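Chemist: Below are the chains, spelled out letter by letter.
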Amino acid sequence: MSLLSAHNVSRFYGTKTFAGGGRERPALSKVSMTIEAGETVALLGRSGCGKSTLSRLLVGLDTPDEGDIRFRGESLRSMGRAGWQELRRTVQMVFQDPIGAVDPRATVGDIIAEPLRPLCGLVGRAARDRVHELLLTVALRADDADKLPQQLSGGQLQRVCIARALAPRPRLVILDEAVSNLDLHLQIRMLDLFAALQRDHDISFLFVTHDLRLVERICSRLLVMDGGRIAERAPVNSPLELASPEGKALANAILPALPLR
Amino acid sequence: MTPARLTIRDITVETWRHGTTTRLVDGVSLSLAAGEVLALVGASGSGKSLTCAASLDVLPPGTRRTTGTVAIDDRETGFAALRGRLVASIMQNPRSAFNPVRTMRDHAIETFHALGIGRSEWRPLMEASMKEAGLDDPAGLLGLHPFEMSGGMLQRMMIALALASRAPFLFADEPTTDLDLIVQRDILDLLDRLREQRRLGILIVTHDMGVVARLADRVAVMESGRICETGPVRQIFERPAAPTTRRLVEAHLSLYGKALAA
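Quick note, the sequences are listed as chains P and W, same order.
Position 99 of the first sequence, counting from 1, maps to 99 under this note's numbering, and the rest follow consecutively.
Position 205 of the second sequence, counting from 1, maps to 466 under this note's numbering, and the rest follow consecutively.
Derived by calculation from the structure, the hints in this document are not laboratory data.
A quick note: this is a predicted structure, and the numbers were derived from the prediction, not measured.
Treat the hints with care, as some may be off.
What the hints assert, rightly or not - Listing some non-contacts, in silico: residues in chain P with all C-beta distances to chain W over 12 angstroms:
| # | residue |
| --- | --- |
| 1 | Thr63 |
| 2 | Thr209 |
| 3 | Pro235 |
Said to hold, decoys possible - For each label pair, taking beta carbons as the anchor points, the in silico distance ranges come out as:
| # | chain 1 | residue 1 | chain 2 | residue 2 | range |
| --- | --- | --- | --- | --- | --- |
| 4 | W | Glu275 | P | Arg141 | 37 to 47 angstroms |
| 5 | W | Ala342 | P | Arg25 | 43 to 53 angstroms |
| 6 | W | Asp397 | P | Glu133 | 33 to 43 angstroms |
| 7 | W | Arg459 | P | Ser75 | 31 to 41 angstroms |
| 8 | P | Arg141 | W | Ile378 | 48 to 58 angstroms |
| 9 | W | Arg508 | P | Gln151 | 23 to 33 angstroms |
| 10 | W | Ser485 | P | Leu148 | 19 to 29 angstroms |
| 11 | W | Val362 | P | Thr137 | 43 to 53 angstroms |
Don't be surprised by glycine CBs; every beta carbon is placed ideally from N, CA and C.
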């Protein structure tokens, strides 16, 4: 049984008028995909292809207009309270914009500790210890726990968000362009961290990105999206060979490793 | 006559807090020739953007320039005289660089007013600049607000406004960081073409060595407010001397599964 899966999922965005008219644009059309325990899948595509919409549907932040999202085989539409509690602990998400993803008045320690009480029942000393451990895991310092978001750089804050996502020991983490705004050596450090978590704890990752360079490093297979549909499904080999026009366009846009002139 | 060289000498920028001053940029000198792309690279916070801002007299509040001069073809000139007239700028986040309640036409008119360009020139100049920046339907686009355009179109519009100013030099501060890979490639191709055809001198600030490899002729590496190494792009990639440069190039090459030749 898959950890999380989408079955013929569609989502329309558009303006609705009181008369019931208005235009609707499909952001996703009949998308099906699965994520198994312990695998890392890349979801690739240019801006506006529907990859963020799909991620939001997968974690239950939004509901599909057609089709079904299933968590361990059970449809989110009919899942009970206990199922949702388990989904929220098991599947975590890291967003692209860290500043918009944290409470500006909470300390870093509080931000990371937030999921610990409701999802893991950790409070007080035990929660504090876990926060310190998580800060070190993402290459921040234990005393960063007392800082406010505005005292950190964008890259540091993104690592706070990664620590928060790891806090409840999830089985799947969805990374929506979560490393694109980090300096290169930090990107690599985070990718190595994800690879280690996958190896040692069998955690799955859905890696949403437009940067093919990062995919080869940690992913075992990839999906290319184009215009709300899945254009290609392929295993990740080195060198990466993509067949669909959209996959080829993404591969052609990779910047050169060495100077051309 | 078109200027052939922009020289920035000994720029120092400081900030102050509770009676102590901190140097953010420490004696930086750069030289940019017409038709050349100079990449200014370094980690976030190393002073790249402040160096550009100090050269155009647009430092953020709480910082000040304490030393430095700028010269065009070895003739010293005022900082404010550079901005807009001799050096145009494009910025990282095209969405926040435009006024959200103004149309593209309003932005163009503001630019023309600021530069004192005569009304009869506006239309042909803007249309030609937009076409050169890869925007095919100038008349239709000029009526749009920023929210009606994609990030790539807005970045092209910012480049079109820079071209309309006829400035011979361009400062591009992380111009493709917020764009997806395909749009990034198109914008870098466009900048390359402008260097070639217009002989534009481009200073590009970036932290992505892939962008450097694609576009730059020369590279200046910054660390903690100072330039630690300058050289032709091949030399920087093949024989980096400073430890900072080495780290940058090694991290970059490891993404491609390559190592630095020893």
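Chemist: State for each hint whether it applies.
Modeler: Checked hints:
no.	hint	verdict
1	Thr63	holds, 26 angstroms
2	Thr209	violated, 9 angstroms
3	Pro235	holds, 17 angstroms
4	W:Glu275 / P:Arg141: 37 to 47 angstroms	violated, 27 angstroms
5	W:Ala342 / P:Arg25: 43 to 53 angstroms	holds, 48 angstroms
6	W:Asp397 / P:Glu133: 33 to 43 angstroms	violated, 55 angstroms
7	W:Arg459 / P:Ser75: 31 to 41 angstroms	violated, 58 angstroms
8	P:Arg141 / W:Ile378: 48 to 58 angstroms	holds, 53 angstroms
9	W:Arg508 / P:Gln151: 23 to 33 angstroms	holds, 26 angstroms
10	W:Ser485 / P:Leu148: 19 to 29 angstroms	holds, 25 angstroms
11	W:Val362 / P:Thr137: 43 to 53 angstroms	holds, 44 angstroms
When each numbered hint is compared with the structure, violations occur for hints 2, 4, 6, 7.
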